[in-house]
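Chemist: Sequence:
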Amino acid sequence: MAIRGGSRRTRPTSNRGHELLETALGDLDVLGTLDEGLEYSDLLPDAVTIDIDGMPLRVLSLRRLIEIKEKAGRPKDLAVLPVLRSTLDRIGKG
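Taking the numbering used here, I'd label the letters of the sequence shown as residues 19 to 112.
Do not take every clue at face value.
DSS-like mimics (lysine-lysine), calculated; alpha carbons at most 30 Å apart, straight line [claimed, not checked]:
| hint | residue 1 | residue 2 |
| --- | --- | --- |
| 1 | 111 | 94 |
| 2 | 87 | 111 |
| 3 | 89 | 111 |
Calculated directly from the structure, the hints in this document are not laboratory data.
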């Protein structure tokens, strides 16, 4: 794992900052906080567990991710909202 855009190898740390990493599987953005300082423990009630090759992984629910991106209001967040909403609709229709 390396810091994105650099050659220095690193291990993830536990802090409130953001780390932009490059991994063998692609880019990984590690965010220490979201939505005005919410931490991991604050977001757990809105997390769902998915299975990746037999490994459980907690991810933020689409509904909560949409709320956070709407509130952020940045162009890159607003641009992805139609895709996220469409995905949520398709999941809801089962």
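Chemist: All the hints need checking, so say for each whether the structure fits it.
Modeler: Status of the hints after comparison with the structure:
{"no.": "1", "hint": "111 - 94", "result": "holds, 27 Å"}
{"no.": "2", "hint": "87 - 111", "result": "holds, 23 Å"}
{"no.": "3", "hint": "89 - 111", "result": "holds, 26 Å"}
No hint from the list above goes unmet by this structure.
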